[in-house]
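So the sequences go chain by chain: E and L. Going by the working numbering, the first residue of the first sequence is number 57, and it counts up by one from there. Going by the working numbering, the first residue of the second sequence is number 33, and it counts up by one from there.
It should be emphasised that the hints constitute simulated quantities derived from the structure, not laboratory data. Every value quoted in this text rests on a predicted model; they were computed, and no experiment measured them. Quick reminder that beta carbons are idealized off the backbone N, C-alpha and C, glycines included. Keep in mind that the hints are not guaranteed to be accurate.
[Stated by the list, open to error] Here are the computed distance ranges between Cβ atoms for each label pair: (1) E156(L) to K144(E): 52 to 58 Å; (2) T323(L) to R260(E): 38 to 44 Å; (3) K182(L) to D281(E): 35 to 41 Å; (4) E230(E) to F64(L): 20 to 26 Å; (5) K190(L) to K144(E): 46 to 52 Å.
[Unchecked claim] Calculated Cβ distances over 10 Å to all of chain E for the following chain L residues: (6) A35; (7) D152; (8) T165; (9) K172; (10) K190.
[Claimed, not checked] Capping the alpha-carbon separation at 25 Å, the derived lysine to aspartate or glutamate pairs in DMTMM-like fashion look like this: (11) K190(L) to D330(E); (12) K190(L) to E176(L); (13) K256(E) to E86(L); (14) K132(L) to D47(L); (15) K190(L) to D171(L); (16) K303(E) to D300(L); (17) K279(L) to E318(E); (18) K238(L) to E318(E); (19) K238(L) to D330(E); (20) K279(L) to E324(E); (21) K182(L) to D330(E); (22) K256(E) to E214(L); (23) K303(E) to D281(E); (24) K76(E) to E189(L); (25) K182(L) to D130(E); (26) K333(L) to E314(L); (27) K232(E) to D130(E); (28) K190(L) to D337(E); (29) K256(E) to E314(L); (30) K280(L) to E318(E).
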Amino acid sequence: MTSSAVLEVKDLHIEFPTRKGVLKAVDGVSFSIAPGEVLGVVGESGAGKSLTGAAIIGLLEPPGRIASGQILLDGRRIDNLPYEEMRKIRGRQIGAIFQDPLTSLNPLYTVGRQLTETIQTHLDMNESQARDRAVKLLEEVGIPAARERIDHYPHQFSGGMRQRVVIALALSAEPKVIIADEPTTALDVSIQAQIITLLKRLCRDHGTAVMLVTHDMGVIAETADRVAVMYAGRVAEIGPVSEVIHKPQHPYTVGLMGSIPEFDTHRERLIQIDGAMPRLDAIPQGCAFNPRCTKVFDRCKSDRPELINAGPTQAACWLHAK
Amino acid sequence: MTAFVTLQNVSKTFDVSAPWLNRVIERKPQSFLQAVSDVSFDIRRGETLALVGESGCGKSTVARLIVGLYQPTKGTIMVDGKDMRILDENGDHSRALRRKVQMIFQDPYASLNPRWRVADIVAEPIRTHKLLTDNAAIDKRVAELLGYVKLTAKDGEKFPHQFSGGQRQRISIARALASNPEFLICDEPTSALDVSVQAQVLNLMKDLQREMGLTYLFISHNLQVVHHISDRVGVMYLGRIVEIGDKKQVFGDPQHPYTRMLLDAIPDLKMTGKARVPVAGEVPNPLNPPTGCAFNPRCPKKFGPCDKEGPQLISFKDRQVACHAAV
Numbered sequence: 057m058t059s060s061a062v063l064e065v066k067d068l069h070i071e072f073p074t075r076k077g078v079l080k081a082v083d084g085v086s087f088s089i090a091p092g093e094v095l096g097v098v099g100e101s102g103a104g105k106s107l108t109g110a111a112i113i114g115l116l117e118p119p120g121r122i123a124s125g126q127i128l129l130d131g132r133r134i135d136n137l138p139y140e141e142m143r144k145i146r147g148r149q150i151g152a153i154f155q156d157p158l159t160s161l162n163p164l165y166t167v168g169r170q171l172t173e174t175i176q177t178h179l180d181m182n183e184s185q186a187r188d189r190a191v192k193l194l195e196e197v198g199i200p201a202a203r204e205r206i207d208h209y210p211h212q213f214s215g216g217m218r219q220r221v222v223i224a225l226a227l228s229a230e231p232k233v234i235i236a237d238e239p240t241t242a243l244d245v246s247i248q249a250q251i252i253t254l255l256k257r258l259c260r261d262h263g264t265a266v267m268l269v270t271h272d273m274g275v276i277a278e279t280a281d282r283v284a285v286m287y288a289g290r291v292a293e294i295g296p297v298s299e300v301i302h303k304p305q306h307p308y309t310v311g312l313m314g315s316i317p318e319f320d321t322h323r324e325r326l327i328q329i330d331g332a333m334p335r336l337d338a339i340p341q342g343c344a345f346n347p348r349c350t351k352v353f354d355r356c357k358s359d360r361p362e363l364i365n366a367g368p369t370q371a372a373c374w375l376h377a378k
Numbered sequence: 033m034t035a036f037v038t039l040q041n042v043s044k045t046f047d048v049s050a051p052w053l054n055r056v057i058e059r060k061p062q063s064f065l066q067a068v069s070d071v072s073f074d075i076r077r078g079e080t081l082a083l084v085g086e087s088g089c090g091k092s093t094v095a096r097l098i099v100g101l102y103q104p105t106k107g108t109i110m111v112d113g114k115d116m117r118i119l120d121e122n123g124d125h126s127r128a129l130r131r132k133v134q135m136i137f138q139d140p141y142a143s144l145n146p147r148w149r150v151a152d153i154v155a156e157p158i159r160t161h162k163l164l165t166d167n168a169a170i171d172k173r174v175a176e177l178l179g180y181v182k183l184t185a186k187d188g189e190k191f192p193h194q195f196s197g198g199q200r201q202r203i204s205i206a207r208a209l210a211s212n213p214e215f216l217i218c219d220e221p222t223s224a225l226d227v228s229v230q231a232q233v234l235n236l237m238k239d240l241q242r243e244m245g246l247t248y249l250f251i252s253h254n255l256q257v258v259h260h261i262s263d264r265v266g267v268m269y270l271g272r273i274v275e276i277g278d279k280k281q282v283f284g285d286p287q288h289p290y291t292r293m294l295l296d297a298i299p300d301l302k303m304t305g306k307a308r309v310p311v312a313g314e315v316p317n318p319l320n321p322p323t324g325c326a327f328n329p330r331c332p333k334k335f336g337p338c339d340k341e342g343p344q345l346i347s348f349k350d351r352q353v354a355c356h357a358a359v
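Isolated chain L (complex conformation) (with noise of 0.2 Å):
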């Protein structure tokens, strides 16, 4: 199977030096946070991709680059066969590759316009690709794009705060699904929401990937919720993938010591009693990461090379990871 997102070599720098009068007063140099760094993977069609990792760790950033929320600052980021950054006529970017992109947010009280009717929610992305253009074509497709998640017409007359935090997430998903895309980014898209309603979306959107089609990033810290949902898992830390490969592999027998860390740091349902080592430290500053691996502070399994150079992505046990320590 080819791959349907490519991502090669993908970093973005934030300038986030103070302004130009205090570096000239104060002499202070300007600064930059390495958001993400020399991030590379593909997502085959019709699998879901997931991307774990604590806060802060750029995966977020990573689904705003593919969507084009931001611009690499180097790689190339394909989508179908097509890069991201070519432009249309217009100087804008391709509609006809945006229309296949689309993007479910973490917080479904902020994603949807308070003053906007469902309805018009919905339709909007309708509309703003001119899919149809007759209005009871568009009535008809909103009031079917409701029944995909479960939703009825009549609650596109409703406004959004008359919908509970569940409903309200489906209703972006609705909007998501509107344009008939083929590839959805979903940032932490259950973690608003209570764990029965999780349930329901994660069962609605592994139905609509069933019944679509659909290619699916999905970005969580869950680690639960990404091993119920995903075929292929990527762990990021300090904006790079640390290990990456198949659920099975990357959950079943971690390699590298985050992943590690990671899987021990959940809480244990079945208490079964067995002892957890909780971690010591915290992710570091990402405007002054460790020289070396970023993870060398904290893991157990350090060595002499960790924290003199940083190592790469290397194929090992069936999956990618990238510590001195595993290979």
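So that you can see chain E by itself, here it is in the shape it has in the complex (with noise of 0.2 Å):
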């Protein structure tokens, strides 16, 4: 991995203790990401790519735990400080873009309130500095008449209004790491791309670094430069956007991208994956893949593979081990 690199996630483990046994939510992830650099998590309900997102903040809920393995931001380790100095960080360093801007926003503030609060809290600024900044901030995500819209409450702005707050909070203390989980989700498709255009052009004035967790491949296909696509809390496929999307190497990948219906090229079936994701519990030996795999053989069932190289991107799959 790049030195550059103002992200890192090295060997991350997550894990929930139950009385049935200790459950491995996310098993062995591993990425980087550089400054300016938006990196899409694609994955199905259950992959661990939230929970990635949540470690990185140190909002992981109990009883989850990181288990082994280590966040670094700009090479220094975050995953174990102390509550008030990860608070101090999160924020600062690291803002939040959640998927529903409803229940991100206080409903009984106003979004300048909010605004303020969060500049005074990272940097040091008077009220009507931190207010002249949050009209700025405002007006960058687009918001008309943003001098007037300040004093509004959450509930007088639409979804997509709203979410465009939601990125001006995360962007108010010009963090140097966004984790945006699901942020076009709760949205309409036309809405959706006022929104996806707006996050991409201000990562790219501010050089934030992006971890952009999605189930949406339309998304990342938009946004990332790359993608890391997880699968059962592994990650199964790491590498640019444009070669994972044209050349998936890994066979979940080619049948995740054979599932999206498409315009031009007109099936009569998609291609379906059959089975579900194994549950927590009952993960399988070996790959995770392999009881839903077409390609499956022998080696699969019994070892785990790691991440290989396979052309410009890497797949933690066995048909590519030399």
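Build the complex from these two chains, which are given one at a time in their own frames, with help from the hints.
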């Protein structure tokens, strides 16, 4: 991995101790993001993508815990910091954007108050400076008449406008990294396009690294530079976005791409991956995908594959072992 | 071919006024929300008509009107030549007609009773419509229905929470098929599912349609899914159909600027690098819709009559379109 990476995740394991034993939700995930880069993380529900994001911002809900591995921000470990120190990093250096813009804003405060509060917590500014900055941020995210709208409450904004406010909040302290967890899932297609374009432009302008968690390959194709495909708590494939989309190497990625209906290639039937992702307490031995894989052979059932170079991408699949 | 389902000038208005006392004290007028205005279309037997549009455009209201969960304020809905509003001797809606029309809902977590076993859920329409009375025959039929949706008879013993989202949606499909329907209304049936599971459900729905000759009304906001499953497409905006026609015509050569905009908003998987122009603005408040064409404040082709006069659906280039600029 390059030394210029602003965020590095090394062999991250997240587990949930339960009465029936310890469940491994994230099992050895590693990746890094460079400044200004957008890393897309895709996968189906339960693949562990949101948990990875939560672990990075230090918001894992107990009893979930980081069992092993490291998270480094600018080369400094942040996964083992005490709560108060992590609080200073969260918002200041790592911003977060969540799926539902209504629940991530406080309905009792005006958006201006929420913005100035965040700005003053992290930056050394007085009330009026913070307010000026808040107005500037709202203008930057494309809210018309920002000077009047700043005194409105979240319910007075539409869904797309609320998500713009959330993006302004996330950017308010100029963080180095933004974790965006399904930022467009709750929005209509036309609004989704606006938000994606906005997020991409802002991060390029500010040089912010983004980890974009989504289940929508289309959003990834539009936004991300690199993409990590997750399956059952592991990275199945990681590489430049055009390679992964056009020439997927892991059979799971191939199936995932084939199951998306497309306009120009008309098929009577979609490619389907039979079965479902395994439950956390029943992850098969060897490769987690082997019971659903069309290319399975003996080794897949006994040994777990690590990420192997497969052309320009890396795939955790024995097919690519030399 | 004759139409199997016909909607003629169907409108639905909801009364969203404040309570009477508030209206008197605060002198507020009554307010009405026009959820569906003047919608007409036919669905032929064995075909799939899809309705697309953004949240609040009235597509789910149309579904609920057809299935009879709402009564239309104006207009008529005919299924198989019979008016849905005609009541039988008990003052109830005709059961025979109801049996033919079934619905599949968006959220498979909310549409199955968590306290019932799957076999009871699937058997309910059979018992309600008294299609079979013998318990052994019902069990056999339930097993057969579960088989259609790639589940086993043993799964009938389980409760809904023991299934994944995709399996639950298949249970909903089995329940919808239990009354031998001819027409299924699917309201966003795959929106809550992951893409690979969505592919399983879409394939299953296509197979069932071919085997049983079902007619579908498919409601979705996902244009790729609609393109895959449908024969004809109707695009809705603020309660009105703005363009309706054959899938190839509507998607291949859209005439309404809103259809164009929806197509442009789809993320480009091929990554051809073509620049997208995200359309500015948002869906206006349906309580206070713009005058003239509802789309005019966002429309790039807006001209003279657009904000004065609402366009009518006019046949044009093998489809119907409601736009002053297109025709």
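Do the hints match the structure? See the list:
The hinted range of 52 to 58 Å is satisfied by E156(L) and K144(E), whose Cβ atoms lie roughly 57 Å apart. Take T323(L) and R260(E): their Cβ atoms lie about 40 Å apart, and the range 38 to 44 Å holds. For the pair K182(L) and D281(E), the beta carbons lie near 39 Å from each other, so the given range of 35 to 41 Å is met. At about 48 Å, the CB distance of E230(E) to F64(L) disagrees with the hint of 20 to 26 Å.
A hinted range of 46 to 52 Å holds for the C-beta pair K190(L) and K144(E), which are about 49 Å apart. Residue placement check: A35(L) keeps its beta carbon more than 10 Å from all beta carbons of chain E (closest about 25 Å). Residue placement check: D152(L) keeps its beta carbon more than 10 Å from all beta carbons of chain E (closest about 24 Å). With a minimum CB-CB distance of about 36 Å to chain E, T165(L) clears the 10 Å threshold, and the non-interface call stands.
Residue placement check: K172(L) keeps its beta carbon more than 10 Å from all beta carbons of chain E (closest about 26 Å). No beta-carbon of chain E comes within 10 Å of the beta-carbon of K190(L); the shortest separation is about 15 Å. Among the hinted pairs, K190(L) with D330(E) is consistent with the structure: their alpha-carbon atoms are about 21 Å apart, no more than 25 Å. The straight-line distance between the Cα atoms of K190(L) and E176(L) is roughly 16 Å, inside the 25 Å bound, and the hint therefore holds.
With a C-alpha separation of about 23 Å, the suggested pairing of K256(E) with E86(L) holds against the 25 Å cut-off. Between K132(L) and D47(L), the direct Cα distance comes to roughly 30 Å. Violation of the 25 Å bound is thereby established for this hinted pair. Taking the CA atoms of K190(L) and D171(L), the gap is near 14 Å; set against the 25 Å cutoff, the hint holds. With a C-alpha separation of about 16 Å, the suggested pair K303(E) and D300(L) falls inside the 25 Å cut-off, and the hint holds.
As the CA atoms of K279(L) and E318(E) are separated by approximately 13 Å, the hinted pair is consistent with the 25 Å bound. Note on K238(L) and E318(E): the hinted pairing holds, with a Cα-Cα distance of about 16 Å set against a maximum of 25 Å. In summary, the hint linking K238(L) to D330(E) is supported, as the alpha carbons are separated by about 16 Å, within the 25 Å threshold. Taking the CA atoms of K279(L) and E324(E), the gap is about 14 Å. The hint holds against a cut of 25 Å.
Our distance criterion of 25 Å between C-alpha atoms is met by K182(L) and D330(E), whose separation comes to about 11 Å. Restraint check for K256(E) and E214(L): not satisfied, since their Cα atoms lie roughly 47 Å apart, outside the 25 Å limit. Our distance criterion of 25 Å between C-alpha atoms is met by K303(E) and D281(E), whose separation comes to about 15 Å. For the suggested pair K76(E) and E189(L), the alpha carbons sit about 24 Å apart, so the restraint of at most 25 Å is met.
Distance hint between K182(L) and D130(E) is unfulfilled; the C-alpha atoms sit about 50 Å from each other, more than 25 Å. A distance of roughly 16 Å separates the Cα atoms of K333(L) and E314(L); the hinted pair therefore holds under the 25 Å criterion. Restraint check for K232(E) and D130(E): the C-alpha separation of about 9 Å stays at or below 25 Å, so the hint holds. Pair hint K190(L) plus D337(E) holds up; C-alpha atoms about 19 Å apart against a cutoff of 25 Å.
Under the criterion of a C-alpha separation no larger than 25 Å, the hint pairing K256(E) with E314(L) is consistent with the structure, at around 20 Å. Among the hinted pairs, K280(L) with E318(E) is consistent with the structure: their alpha-carbon atoms are about 13 Å apart, no more than 25 Å.
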